[in-house]
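Residue numbers (numbering that gives the first Met the number 0), protein chains in the order written: chain A, 0 to 305; chain B, 0 to 305; chain C, 0 to 305; chain D, 0 to 305.
Check each hint, because a few of them may be wrong.
A pair holds if it fits inside one copy or across any two, identical chains being indistinguishable in the list.
Each computed BS3-like pair below joins lysine-lysine, with the alpha-carbon atoms no more than 30 Å apart [stated by the list, open to error]: (1) Lys-16 <-> Lys-105; (2) Lys-105 <-> Lys-84; (3) Lys-84 <-> Lys-33; (4) Lys-21 <-> Lys-33.
Source of the hints: derived by calculation from the structure; they are not laboratory data.
Number of protein chains: 4
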Amino acid sequence: MAINYQLILDSIYEEVKPLLAKGRIANYIPELAKVEPRQFGIAVYCLDGRTYAAGDAEVRFSAQSVTKLFGLALAFSREGDAIWKRVGREPSGNPFNSLYQLELAKGIPRNPFINAGALVIHDILAQRFVQADIAILQFMRTVAREASLDFDPAVWHSEEQTAHRNYAIAHLMKDFGNLHGRVEDIVRGYCRQCSIAINCVELARAGAFLANHGTVPWDFTRILDPSSSKRLNAAMLTCGTYDAAGDFAYRVGLPAKSGVGGGIIALVPGELAIAVWSPGLDENGNSLAGTMALERFTTLTARSIF
Amino acid sequence: MAINYQLILDSIYEEVKPLLAKGRIANYIPELAKVEPRQFGIAVYCLDGRTYAAGDAEVRFSAQSVTKLFGLALAFSREGDAIWKRVGREPSGNPFNSLYQLELAKGIPRNPFINAGALVIHDILAQRFVQADIAILQFMRTVAREASLDFDPAVWHSEEQTAHRNYAIAHLMKDFGNLHGRVEDIVRGYCRQCSIAINCVELARAGAFLANHGTVPWDFTRILDPSSSKRLNAAMLTCGTYDAAGDFAYRVGLPAKSGVGGGIIALVPGELAIAVWSPGLDENGNSLAGTMALERFTTLTARSIF
Amino acid sequence: MAINYQLILDSIYEEVKPLLAKGRIANYIPELAKVEPRQFGIAVYCLDGRTYAAGDAEVRFSAQSVTKLFGLALAFSREGDAIWKRVGREPSGNPFNSLYQLELAKGIPRNPFINAGALVIHDILAQRFVQADIAILQFMRTVAREASLDFDPAVWHSEEQTAHRNYAIAHLMKDFGNLHGRVEDIVRGYCRQCSIAINCVELARAGAFLANHGTVPWDFTRILDPSSSKRLNAAMLTCGTYDAAGDFAYRVGLPAKSGVGGGIIALVPGELAIAVWSPGLDENGNSLAGTMALERFTTLTARSIF
Amino acid sequence: MAINYQLILDSIYEEVKPLLAKGRIANYIPELAKVEPRQFGIAVYCLDGRTYAAGDAEVRFSAQSVTKLFGLALAFSREGDAIWKRVGREPSGNPFNSLYQLELAKGIPRNPFINAGALVIHDILAQRFVQADIAILQFMRTVAREASLDFDPAVWHSEEQTAHRNYAIAHLMKDFGNLHGRVEDIVRGYCRQCSIAINCVELARAGAFLANHGTVPWDFTRILDPSSSKRLNAAMLTCGTYDAAGDFAYRVGLPAKSGVGGGIIALVPGELAIAVWSPGLDENGNSLAGTMALERFTTLTARSIF
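So that you can see chain A by itself, here it is in the shape it has in the complex (with noise of 0.2 Å):
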């Protein structure tokens, strides 16, 4: 019998309502700060083409570290295995922008979801584009299939201003070798990839590919063979949620990537993607609603992946 996809997005939107208003707005980036909080979007993407959505769906949003699942993946796309000699791929069971694992690994990033990890990854793409951010935006353009994809320069501009810890790293990462790019212009071409708005059906849409082996599944454009984006998956599982990956697999059991904008993509390999979307944060710097909107999903629809 088919999943009544749209009943339980409905039904989910209703369960999270009174959570809407806790959670924290990401305040650290001003511009973020200023977003209503109440809100709260969901989407669902199936392979087969149809797309359910709830809540306020189409309302853009920051994707700010949602987009590192797609700098990497364009990265491995490119690059292969050889990403690997420049970033981990363990859990960091430390805060997303400590310095200390990266001081301990002598410049290594634990993985390429941590922000020493996405620095390197768009340095890595910076040598092979003329602008890094610009070329995570025009892939993120195709994989969601929506070329009106773009970078708030608002967000873009706060984030800037308040990249201190980011600079940091960057330096800490050129003092052992690992940048290869300015460290300005790798810190600064991250705040803008960082910046890109995006809404719960596009993300669902842009994040199909990854749900269908590395193949985009209307034009059949391959992006990763299906080895490789297993992988991927497997990283966003381990790795995808701050400091939460553990809790975040027993609650949602589901490969997924978050941001401080309240943004997750998250997927059900062989069937579908979902995006949530709620600004408030819990203590780990997910989306509060978001998850547990996520862990209901998987719940109704018995579909994580183990």
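Given the coordinates of chain A, work out where chains B, C and D should sit on it, guided by the hints.
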């Protein structure tokens, strides 16, 4: 078309033979150091009851940390989510026996698969059962359908002689109030637990209930409800292979638990449990040939969860 | 013009009275928690034999970590620089009972004044003497010229009950091969050592040989040669007051060793030894009123070593 | 009987000659790596005005971290204890350029002699003076009575090229709100400060006011009051020689500040200041022959403060 598992296991056995001379035998437990290194076993238990095996699949080896999985399943089946008050479920990002994180976290182990966490689980069981070590043994006998499973006194005594780090961990947790039993009792019981001997065929069978959503496949005994079983699998995937969980998920893509005796149990949810054994370890303490065998298995059968 | 020490001690006593209600009694050793907090003693032993005292200078208190100084002096007098193979002499930069640095340093304690270091010194003495705790007691009786000094069984038993962290430290060092005796023997002996009771007059006298370049001033017994005595004083200055050695040197400017019983022994090389006691501790575990009294003493007498 | 300092310095020079080939030149600043290693200078400035020197005591070298002492003295003379709100005074227990402790301490450097602390002191001076680097240079010219002291542009430019770790440190402190000026300005100013060139005779004279309780001995200019001068000396002793303060106090027993250019300034309070220089460093970054020379000096003159 059905997969010919026997052919695959035989082929894997041939492939890994060159690796058997490599790897490092765990030498901090003198008794384990005596094991002949060039051994390798592999066994698959399909949920329909068919079993396949190759190599030294009926030679018993020291289960060691693999018993942590069964201790956890037993404790979880009795106490439910209450266990998470005393132990976390995040990857550690540090060697399996580190005291550092334990001190920072005020005596709450990072997850139940590092030694500190397994000691807490043992302590939880010791409050319920007359002897926690015997409770775990009986549980393993039940889920493996094999009454002859037993402790190996030589290993157990050898382990007690060299248990100083486990004593350090246990005393530190006692100091923080997260160990209720006597330190000596818990550490000794844990040493006995680790000494349980098992072979690949038995181990694959013992893991079948976790592949079968918590229910023993041959007699329908429910050990865990489906949701709990999935959650346990999620914890295995993110934390089950020491400090290499990210790499293991990336390469193998299955929930798994390894031990320094060289054994690994892994699960394809809804389909099968697979056990491998080879004494030589890689630098993370996982069986070198065993990990490679599992990587080949998921590649040849396309059976990753991702 | 001679300094009127009696006047100065009396004046300091008046000055610190408002502080006696403040400070926190060490409560992790239940027996110590019973001490009446509003007590304060101070005594000076000049190398010419004159003694000055004020307040509760003849009330005995638990010497605790102050005994580490005498254990170290005894071990150093017998083993010389060989002790530095097993213990460092750098300030710790971490709380006195931290396991983190010990693990990083592979079981070599940072200095002889943190618990790990004192346990190693105890272990060194235990290889030389039938009972290290009694050897330290006898040594203190000798240098204090006071045969009635003794262990306090109530404190000692209380300490043994709560020695889990010391057990953790000792087991970790045993694991690294830096403890030769049995863990139980060393930790118990160390608990007894810490329980030695002494008063300010006795303690000032006991420290006189360190102010006198290693020679007991009244009978010219050479405990340490002048160079070794200076080196011990240097180690006291940089490591003697837990994680506050820098602050203590800045404020007081004298080599000193403190204990959680509230006692402190300090030295003006070539002139005198001074002992203070008050049970209330500051956040670093040093006597609050005692530290202030020493700061006033060096200010009023202009007797800093700097 | 008066000490024949000239004889002692000459004798020390002979003694350390075999060490001059040993030691490692600081190579992370390319310009410093060009220095001829087999040089050694030593100079003593007695408070009565007599000066003694041996070896290459009039060859200028790069003062590097030795300038931290003069920056601190200048800031302390103007701001007093207010500086301790922004920088601690505890030994670090970690390499001099570690980011770990800085992150744990939320951007408050452990002491003013590690790079992070010196950057904060530079920032404090930058709020008072048009250019902090020039203020420090002028101050050193004054206390050394030597108007020709100057920056070395080659060193300064070389240092700016390789200042990534200092940029990382400064950005991290900026992120925590403990740096008021622009990161670029502070780091560049600090690089210039470090490039000041000086010789042993000048350096010994420059340190004389700290041996003289804060007052310049030849013209009675009070830089610091006696109590502040003592406190500065105490901070030098506990924190002045990188991660080897305990060992240095143990061996040498004098307050001292070293630099990676191979220079060290040390003080015998009330008597003299002594400067040594030799480019080869030990594993802690202190001059190998210089430290040995100071150890011999305190042994031969019995001039330790302990």
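To see whether the hints hold, each was checked on the structure:
1. Lys-16 <-> Lys-105: neither (45 Å within a copy, 35 Å between copies)
2. Lys-105 <-> Lys-84: both (13 Å within a copy, 29 Å between copies)
3. Lys-84 <-> Lys-33: Neither, since 39 Å and 33 Å both go past 30 Å.
4. Lys-21 <-> Lys-33: Result: close within a single copy only, 16 Å intra versus 46 Å inter.
Comparing the model with each earlier hint shows violations of hints 1 and 3; every other hint is respected.
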